[in-house]
Structures are given as C-alpha cells and as structure tokens.
Amino acid sequence: MNSANRTNLRAYGELLARYVKPYSRQALALSVILLGGIGLSLLSPQIVRRFIDLAQAQADLRLLLYAALAYLAIGLTVRGMDVAVAYLGTNLGYATTNRLREDLARHLLGLDMEFQNSHTSGELIERIDGDVTSLTNFFSQFAVRLVGAFLLMAGVVLVMFITDWRVGLVMGLFAFGSLGLMVYLSRYAVHESEEERQANAELFGFVEERLAGLDEIRANGAGPYTMRRLYEIGRSWYERTTRAWKRRGSLWVFMMGFWGMASVLSLGLGILFYRQGVFTIGTVFMLQQYSMMLGDPIERISHQIQDLQKALAAIDRVRSLFALQPSISNGHGEHLPEGALQVQFDDVVFHYDDGDPDEPVLHHVSFQLEPGVTLGLLGRTGSGKTTLTRLLFRLWDPKAGAVRLAGQALPRVSLDNLRQRVGMVTQEVQLFEASLRDNLTFFDETIPDERVIAVIRELGMGAWFDGLEKGLDTMLPPGGGGLSAGEQQLLAFGRVFLQDPGLVVLDEPSSRLDPATEQRLEHAMDRLLQGRTGIIIAHRLATVQRVDEIMIMDQGVIQEHGRRADLVADRDSRFHQLLTAGLEEAFA
Amino acid sequence: MESLTMHTEVAPRVPWLRYTWRLITYRPWLFVANLLAWGAFHGIPVLTGLAVREIFDALEGASRWGWSPWAFVVALFVAEMSRLGAFRLGFGIFIDQWYILESLVRRNVMDHLINAAGARLLPDSSGAAVTTLRDDIHDVGDWVEGLTDLGGLVVFVSASLAVMFSINWLITVVILLPVLGSAVLGITMAQRIRKYRRANRAATSRVTGFIGEVFGAAQAVKVACAEENTIGYFRKLNDTRRKAAVQDTLASELFNSATHLLIELSITVVLLLGAQSMRAGDFSVGDFSLFVSYIWPLGFYMRYVGNIMARQKRVSVSFDRLTKLMVDAPENQLVAHEPVYLKEPLPTLPQLRRVPADRLQSLAVLGLTYVHPSTGRGIHEIDLSLERGELVVVTGRIGAGKTTLLRTLLGLVPAQEGIILWNGKPIGDPATWFRPPRAAYTPQVPRLFSETLRENVLAGLPEIDGKLELALDRAVMDYDLHELDRGLDTQVGPRGVKLSGGQMQRTAAARMFVREPELYVFDDLSSALDVETEAKLWQRIDRLAGATCLVVSHRRSVLRRADRIIVLKDGRVAARGRLSELLHTSAEMQALWHGQDEGDGHVSDVALSDTAPVARTA
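Heads up: the sequence lines are chains A and B, in that order. Residue numbers for the first sequence follow the numbering used here, so the first one is 1 and each next one is one higher. Residue numbers for the second sequence follow the numbering used here, so the first one is 1 and each next one is one higher.
What the hints contain is simulated information worked out from the structure, not anything from laboratory work. Check each hint, because a few of them may be wrong.
[Stated by the list, open to error] Straight-line alpha carbon distances no greater than 30 angstroms define the calculated DSBU-like cross-link-like pairs of lysine-lysine that follow:
{"no.": "1", "chain 1": "B", "residue 1": "Lys-243", "chain 2": "B", "residue 2": "Lys-343"}
{"no.": "2", "chain 1": "A", "residue 1": "Lys-470", "chain 2": "B", "residue 2": "Lys-236"}
{"no.": "3", "chain 1": "A", "residue 1": "Lys-310", "chain 2": "A", "residue 2": "Lys-21"}
{"no.": "4", "chain 1": "B", "residue 1": "Lys-313", "chain 2": "B", "residue 2": "Lys-195"}
{"no.": "5", "chain 1": "B", "residue 1": "Lys-467", "chain 2": "B", "residue 2": "Lys-569"}
{"no.": "6", "chain 1": "B", "residue 1": "Lys-425", "chain 2": "B", "residue 2": "Lys-498"}
{"no.": "7", "chain 1": "A", "residue 1": "Lys-246", "chain 2": "A", "residue 2": "Lys-310"}
{"no.": "8", "chain 1": "B", "residue 1": "Lys-195", "chain 2": "B", "residue 2": "Lys-425"}
{"no.": "9", "chain 1": "B", "residue 1": "Lys-343", "chain 2": "A", "residue 2": "Lys-246"}
{"no.": "10", "chain 1": "B", "residue 1": "Lys-324", "chain 2": "B", "residue 2": "Lys-313"}
{"no.": "11", "chain 1": "B", "residue 1": "Lys-243", "chain 2": "A", "residue 2": "Lys-470"}
{"no.": "12", "chain 1": "A", "residue 1": "Lys-470", "chain 2": "B", "residue 2": "Lys-313"}
{"no.": "13", "chain 1": "A", "residue 1": "Lys-21", "chain 2": "B", "residue 2": "Lys-236"}
{"no.": "14", "chain 1": "B", "residue 1": "Lys-243", "chain 2": "A", "residue 2": "Lys-21"}
{"no.": "15", "chain 1": "B", "residue 1": "Lys-195", "chain 2": "B", "residue 2": "Lys-236"}
{"no.": "16", "chain 1": "A", "residue 1": "Lys-310", "chain 2": "B", "residue 2": "Lys-236"}
{"no.": "17", "chain 1": "B", "residue 1": "Lys-313", "chain 2": "B", "residue 2": "Lys-343"}
{"no.": "18", "chain 1": "A", "residue 1": "Lys-310", "chain 2": "B", "residue 2": "Lys-243"}
{"no.": "19", "chain 1": "A", "residue 1": "Lys-399", "chain 2": "B", "residue 2": "Lys-343"}
{"no.": "20", "chain 1": "B", "residue 1": "Lys-195", "chain 2": "B", "residue 2": "Lys-324"}
{"no.": "21", "chain 1": "B", "residue 1": "Lys-467", "chain 2": "B", "residue 2": "Lys-498"}
Take the sequences, apply the hints, and build the full model.
Right, here's the structure in full:
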C-alpha cells in the first residue's frame, strides 16, 4: 500500500470517528451480532457430524431428534441475526453518511461563486451523493465484515486443525493462498468496470439529448445521421460493456473453481484419513461441509477490498473538497439598520480571478444612492452592470475600494444580515421540485402560511392560487414546469417580499415575456420598490420611466449618472440619445 | 413519483409471448448455444452430487460399482472442471445475446421516434423516456436471459428430483413441501420487494435531484441567505431516503433469510426421516450428502421459478411502456429484425436530392386545428398563405398559439383538422414533407448536442465547397468562430451549454441555413440576440434570393419587415395584414405594439416615430 493510500486510510479513520461516534451504541450492537453469527455458523457442521455418527452407532432416536432440532434452532438464530445486521447496517450507514452529505453540501454551498461557476451541478451530484454513497458500507459494516470474514476463515481452519492438524495445514494453505490470489486478481476488472460506467453514461447522455431535440432532428432531416451516430455509440457501448462483463465473469470462474477444488481436496483428505481409521464417516462429511464454508469469506474479502479501493479514492475527493476554503469571510457582526438602505461605491475596482487585472470589469467606480431612491442601470452586455450588483451581496469582494450600505463597509456586516437586508430577482428564476410554500419561503419554516398567502394575493396571483387544490402544499414539478415564465417571475418577487429587504436588485425580465404578461410584473415591481432602495438593470423604456435616477455603464466605467428628469431634459445627454434611438433596440 | 403509479399490479395486455419469440429468433443460434451451455452448467451438479454419494458409499464399502473412492474423486474433479468450462462459454454467449437484444430494441424505438411518418409526442419528458429506454429495455434483456437459465433449471430440478425419488420417495415428497414453499415465497414477495426497491430509487432520485437544483441555483441560495434552510430541507429528503433504504434492505433480507430457513427446514426433515432409515441401514451417509447437496440449489431454483412469474409481469409492463413510447408503430415494430451494426460497416447516409416538385411557389393552410388533449389550449381553424420570397410573421401574446401553429404545420404535433397545400397540391404527412430540402426549422429554445460545432451544424450533411462557412456567415456566427478556442471543432458541451444563448440560437440558425431549404421556419429566432446581431442576420437573410420565411416574433423590427402579419389571439386569427394597416384596424396588434413602451407618452412618441436602421447605437 502506497503512502497516498495510507493517508487516505488515516482520513477514513478520522471520518469514521467523527461520523460514527454519535452512533457508537448501534455500531457496537451491529458488531456483536455479526461476530456472534459467525460463531454460531461454525457450530452447524459439528452438529451434523454428531448426528451422522450417532445414527451410524444406532443411538437413541431422542438424541437424534435433539441434534436435528439444535440444527434448526441455530439456523433460525443465524437468519434472525442476518436480518438484524441488514437493518442495523443500512440504518447506520445512511444515518452517518447523510450527515456527511449534509456537511459536504453545506461546505460546498459556502464556497465562492468561482467554485460554483466552474462545477456543473451534475458533477456536484456525483461528489456529494456518488462518492459519499460508496462510503455507506464503510461507515456501517466494512471493518466488522472484513474482520468477520477473516475470523470465519480462521475459525474454519482452526476447527480443521483441531480435527486433524494435517487437514488444517493443507486446507489452511489452500484457503489463504486462494485468498491472496483472489485479492491480487480483484483489480483485474476494475478498469473495465470504470469504462463500462463511462460507456453507459455516454450512450444514455446521447439518447437523452436526442430525445429532447427530437423536433429539430426531424424537422431538419437529421434522422439518418442521428441513427448512424446511435449505431456508432452503441457499438462502442457494446464492446466496452461486454468486455467488462466478461472480465468479471473470469473472476467468477476462479471463485467457482475454488469451491469445486475445496470440495475435491477435503474429500481426498477425508478418504485418506478414514482409511487410516483416524476419521469417522461423520467427520469426513463435516470436513466437506466446512470446506464449502471457506468460499464465502474469500469472496467477501476480495469484494470488500475492491470496494476499499473505490472508497479510498472517494475519501480522497471528499477530503480535497473539505480542504477548499471560501475567500469571502463572514463579516464582523455589525447589523444594517431597518428600512431603506443608502448605497455607496467608493473607488471600486474589480476583476474576476481568471480575468485580466489590467482590464478590470469595474474601473474606479464611485457613486452614491440615497435611501428610497430607485436607480435604473443601463449598459450593454459586458459593461459591468451585473457585476456591480453582485458586489452588493458579497458574492465577490472588490479588489480595491469599498462598497458601503448605510455607511457600513460590507466586510463589517455579518454575511447573514447583509444578505437578509438585500434582495434580488434575476431573469432566470430558480424553482425547486418542492411545495409552493417551500419555493416561496426558500425552505424557511418559520414564516407563517398567512404571510405567504398574503404575498401571493398581493402579487395578483390570488385567482391562480385559489385554483390550486392543495394550496401551499402543491408540489411544483422539476424545472418550474407547468408555470409560465411570467408566473415564475412573480414567484421570485414573492420570495423577496417575504424576505423584506431594505435594498432590492432587479434584473429586468428577459424579452421572452410578451408585453401583455409583462404588465402584471410591473405592478409587482412597483409594490416591491415602495419604501425600499432599488437598483434595476433595465432594458425597456417602460422600466426606465419609473426610476428616479439613471446610470449608464460602459466598459466598467460610469458613463453617465443623474436624475432621470434632468437627463431627459438635457438634449446632449447620452440618455436622451438612447431614448430617441429606442431603448429596447439598443440594449436588448 | 410518476413511475410509481405507472407500475400496476395487473400486467397489461401485450403480446409478450410473440415479442419474446421474435427476440429469441433474432439470433436463434446464440439462444440455442446459450440453452446448451447453461443446461450443462445447471445440470452438472446432479452428477457431482452422485459422485460425492459414491465416494461416501465406497468408503463404507457399499459401492454399487465396486470401484475405489478415488475413481469418484477423479470423476468429481472432471465434473467440476466441465462445469467451469460450461460457465466460461455460456457467460460469453449470454452477455453477447443480452447486449445485442438491448441494442436491437433500442434501435427500433429510436428509429421509429426519429424517422417514422406522423407526429411524435413523447408521452412524458425526455428524461422519463430515457428511463424507459434504459430500464425497460434492460428488463427485456433480463427476461430473455432468464429464460435460458430456466431451461437449465428445469434440467436440474427434474433430474435431481428423479434421483432423490429413486433413493427415498418418502423423504423426497416431504422435503418438496418447504422447497415448493420457497417458490410460493418467490411469487408472493417479488412484487413487494420491487415496490420497496422502487420507493428507494424514487427517494434517492429526490436527493440527487435536489442537489442538482440547489447547486444549479447556488447564487440564488446564497443571495437569499437560504443555505441553512436549504440544508434543512436536504436533511429531510435524506432522512426519507434512509427510511426507504432500510425498508428496501429489510424486505429483501427477510426474503433471503426465509428462503434459507425453508432450506434448513428441509435438511432437518432429511435428518429426522433419514435417521430412522439410516439406523435401518437403507439410507446411507452418501444418500444423505446427496440430499443435502441437492436441497440448496433446489430451494434457490424454486424461488427463481416463482421469480420468473414476477419477471413475466414486469416484462409485460416494460413492453407496454416501450410500445406506448412508440405510439402508432405497426405491430412487431418493437422487435423487428433489423441490423444493429455492432460489427458490420455503418450504413451510408442518403444524399439530399432536390426535385422540381419540391420548389416552393406557394404554401396554403386551410382550417388547421390542434387542441392539446389535457390543457384544451391550441389553435383553431387557422388559414394561412405564403408566396415564394415572402416573409410572414406570426405574432400574439404568450399562450396565443404561435409556437403550436408552427409545430402543427410542420407535423411535429398531429393536426386534428385542416389541409396543407404545397404549390396547390395537398400533402399527406407533414412530418416527412417539411424536411430539407423543402423546409428547415429552428425552435425558440434550440437544442444543440454535445458534439463539435461543425457536427451540430452539418448534422450529417457532407462538407462541400464552403457551404458550411457560408451558412455560418449568414447566421452571423463568423465573428464568434474566431472567439471560440477551437473554431468549428469546439465541443459545445451538453445541450450546448458552453455557448452563450445567442450563439446557440445562431448555431441552430446555421444548421437551418446550411440545408438551403425552400421554406425557413423559425420561432422567435432573435429572443437571445442583441439588436446589432439581429439586424445583421436579417440583412443577410434578405440577400438570400427568394428565401421564403415563416417566423414567430413580436419584435418591432421584424414586424416592420413582414410582408404579412398574422395576429393570433387565444388560438384563433385575430387579424391579418401589413403592419401599417393592422396598427389602425386591430386592437390586439395595437396592444402588442404599444405594450412595448407603456407610460410616458412623450418618450413612446419618440420611439414610435423612429424609422432609422434598427442597429443604430447611441
């Protein structure tokens, strides 16, 4: 075992200590039952031997009856223990790994936006659930099962030794030799199995994409081409999956070979010693039964060791994720005042970590917004207007200068309080496959239903809500399906209403909304801006007409900032030119 | 969740027997070879049991053959080795057959969905369809393979019962009871175990789905300061899954243990009944060992026989779901014997051929109607006409039926009424008619596939003399190509995520342009484009001599260009004509047009009077 593996093994120990400790009583019960079961299963062949020898010796029928019942009783107990182990093991495995899943998810969610933007959610599903699931077994029964399998093997060999040391020696060498070989061979199919998983992912990824794009394939005549690609991918899938299966098949051949040979060997030894008068016929039978018991632990150990490789790799990935630290630290615990917030940018310079420091996204930006004022933010894609608003939430921190709310520099305010007091509605609304209530409250259970319903009515969605059979318990389908784009936007407004912030950032809804639907949103927007400071990233004339101030950004610099009324009146202002050119057409 | 309700206890009526037969006869020799190999694999233990019995009998000096026990040790060895050989051989065939059959069924479903005439509506989301294509086809493969095992099991069960019966009929009859019990157990428990398994899977996919949603919305979660609440919800989902997993494991472990117990009960019976015979000397230790060695596989095989009945139900459900996915496919299409190209050279792609009849002079639509069966929304009695070289724009509010109109015309959803005339002649199946070279289509949210940009645009067209570059140029992708690291060879990522929204739309447009169709159909092409790019796009479309376009849009610049506008309202034509007329005559058109800049009259007057080129930047 190399040093990386050893580090991982230590990490496994640490994780085990942290997550299994709270469940140590369950873990102890599990171990006792597992080991007890092993001891009991060693007894069965002994009883059968006694039975055969007694029967051969014409013993009392009552003795035979007792032996038979003892056999049945042991069977019953062992099966009961199996069920208990299954229950305890699964429960423990999930109870512990669920906590790890939660910790990992919480940790990753706390990381910077850089991390979020460079990892697809599919990848994170694999990290948070895939990797952790492969640890389930290791958190519940790995050590016990491994030790148990060893003990069972050792127990069988020991019993053989006691019966006759020569039999013990031969069978022991055979068993442990086979175990060594099996463990050695267990890597044989690992790579192929990995390839198989990959091939499956590719095939079904292909199928899913094409089915989602069925209309376009059909209407653009790409059918024959798509089928040809399916054949191509299907061929590679066929080759890779069958290869993996055949490799695994070879391992099974080996395992079955072991069982066959163990039986032949034990019978051979039995014949030898029976002829010498050392063994009774019952003993020969018992030895054969014992030799059949050796296969199972060997198979189990080699399985566990294969799993161990996977689990160590998973532990490595989990650890490296835990090692990542967010650069945004929690604030110093100051609180922002109630009511509308004053906004102040003071010589703010910002560029993204993977961007060019010489071409910052925000270039010495300074401005101030009084409480309760609504600002319309204009500018082309890439002018820095979106970035500017993200700094208000400390999704990023400026490289130089300071952002202040109500006079407080943001790093002084606790992160929770900051994000509580600043609300945002983006163009893209993120809905969850959860109840309407959870979608609105963002899973905050402390918000009473009356408040949620009041907000729904305030948004003008009362009629829609009354039509829902299950009310707030209505489950929204994944991806917000079944709701129009406008309704989704309104729900996003609802979230911010419930949050009741002092500053609202609005990304104006995209042009996909038709003008008539948009009106409902504008009403909601008006309500939301009442008594709050507002920043609206605007695309349309209608929006710009409701704001108090206008700010136009261009290449990271404030090109123009002033009261809307003044700018409209000033024929030389950039804003005036925009109005005459048609705002929609310039900034869509 | 939905899949839960779809699995009913009652097996649907599908011709499963015929389907199974068609599958078996796709590669009949593989199936026969499979039967032989697995017959040997399952049958040989009858012989090894006999050999072990002879060893014990010979030891006691009661060999029927008068041979040394060593002879039978050798026989045992040979039998074990042959069994391994049978396994090795059978396993290879078994895997080949399984995956060939999966390939066949998948090919048949996909081919029908993609190439058959008529409209194609997936009964569920594409994700659910993938589940059907993966899991249900897996069940089909599993079923056929189960049948080959069944052959071997019949060999073992009948041979072993015959041997045991000849040794001691009474014990055989008595132990059959618990053994049959395991068959009954198999039948009764299998459904329930599957139910728990399904619940477990559903709980798991809720957990993974939620992780996906949360990290897909990481910014929203952070901004709303909802991290802890979100994790709290995650904890609940995790806990539900833990309970489901425990139930699932417990159910299958109980089943397993019960089977074991029944077998141990049988052995106890043999011990008790055998003891008396043994004392009487007419039941040897060899006989006892034979019974014990047969009882274990018998118990498991009987359970398997019970299981096969559950599998038959399961495969009927799978067949049913697969045929539902294919909707109107002819009988047996699911199991049609078609090449799967696992080894032979891939088929060549057909060339686009243009015939004079394809050349578009006029397109007319009369009384086109499609109402969505569940929502009741749709389009009613739409008339529409289009001459060569015209630009016709369909506009209206959200839900007015604009997209449905295009999709019904193209045959992507089945028209319930109405006729479509191409150059005055009615066309039969719009789905196969409105394809290149006659028509090409770009939907509102275009789908790209995780291949290179080149493959996405060409999608099987041969790459000849600069046509590709021309199409990209027309779609205003020329500038972007320089920006992308690897130009045309850039991998666009799953569903095209590595491109911006505008790039995706323009790539889809290029896919349409490169086909040079008679009729261009596009749904709100400009929704993700900035004005400058959009203007360039229209200028370039204008340059296409005689390009005929049917377009959904509510952009003013497009409406101004239109030769004709069709205003839809609640699925019906509210008005039609040129923009200048409609702005006077149609209230709906006015509402749509003015909706774009409600409010301050002064500013909207300024904007309305604007007749300058749309791309003017201030």
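Practice task
Check each numbered hint against the structure and report the violated ones by number, ascending.
Solution key: Hints 1, 5, 6, 8, 12, 17 and 19 are the ones this structure does not satisfy, whereas the remaining hints hold.
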